[in-house]
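Trainee: Sequence:
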Amino acid sequence: MKETPFYLVHGWDAQSMLRAMSLSRKRGSGRKSAALTWRRDVNRQHEIGLAMAKEYQAAENKRRAKEHSDALSGLEKAAVPC
Numbered sequence: 001m002k003e004t005p006f007y008l009v010h011g012w013d014a015q016s017m018l019r020a021m022s023l024s025r026k027r028g029s030g031r032k033s034a035a036l037t038w039r040r041d042v043n044r045q046h047e048i049g050l051a052m053a054k055e056y057q058a059a060e061n062k063r064r065a066k067e068h069s070d071a072l073s074g075l076e077k078a079a080v081p082c
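Residue numbering for the sequence shown follows UniProt numbering, beginning at 1 and increasing consecutively.
Wrong hints could be hidden among the right ones.
[Claimed, not checked] Here are the computed distance ranges between Cβ atoms for each label pair:
| hint | residue 1 | residue 2 | range |
| --- | --- | --- | --- |
| 1 | 34 | 64 | 42 to 48 Å |
| 2 | 19 | 56 | 36 to 42 Å |
| 3 | 43 | 71 | 37 to 43 Å |
| 4 | 60 | 33 | 38 to 44 Å |
Everything labelled a hint here was simulated from the structure, so no lab data went into it.
Where is the CB? At the ideal position from N, CA and C, for every residue including glycine.
Turn these sequences into a full structure, and let the hints guide you.
Mentor: Rendered as structure tokens:
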């Protein structure tokens with residue numbers, strides 16, 4: 001049994017997309033096409049997403065390090081006799 005490709009199931013038409021992307025390159029350099037604008041928007045959103053993910057990971061690493069340090073400090077205090 002052969003599986004249906006992902007793009008057919010979800011309504012993505014690869015040929016139309018590639019045609020739109022290739023046509024935009026053939027047009028004059030001064031004209032912005034819809035495909036070129038779309039690609040720029042997608043790339044911008046991708047970069048924003050990567051920056052947000054990097055920021056979130058740094059914040060989580062800092063939070064986990066503090067939580068770990070606090071837990072160790074508590075254990076060390078309990079181990080020291082008064």
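Trainee: Now tell me if each hint is right for this structure.
Mentor: Hint check results:
1. 34 with 64: 42 to 48 Å: With Cβ atoms ~44 Å apart, the hint holds.
2. 19 with 56: 36 to 42 Å: Given about 37 Å between the Cβ atoms, the range holds.
3. 43 with 71: 37 to 43 Å: holds (42 Å)
4. 60 with 33: 38 to 44 Å: holds (40 Å)
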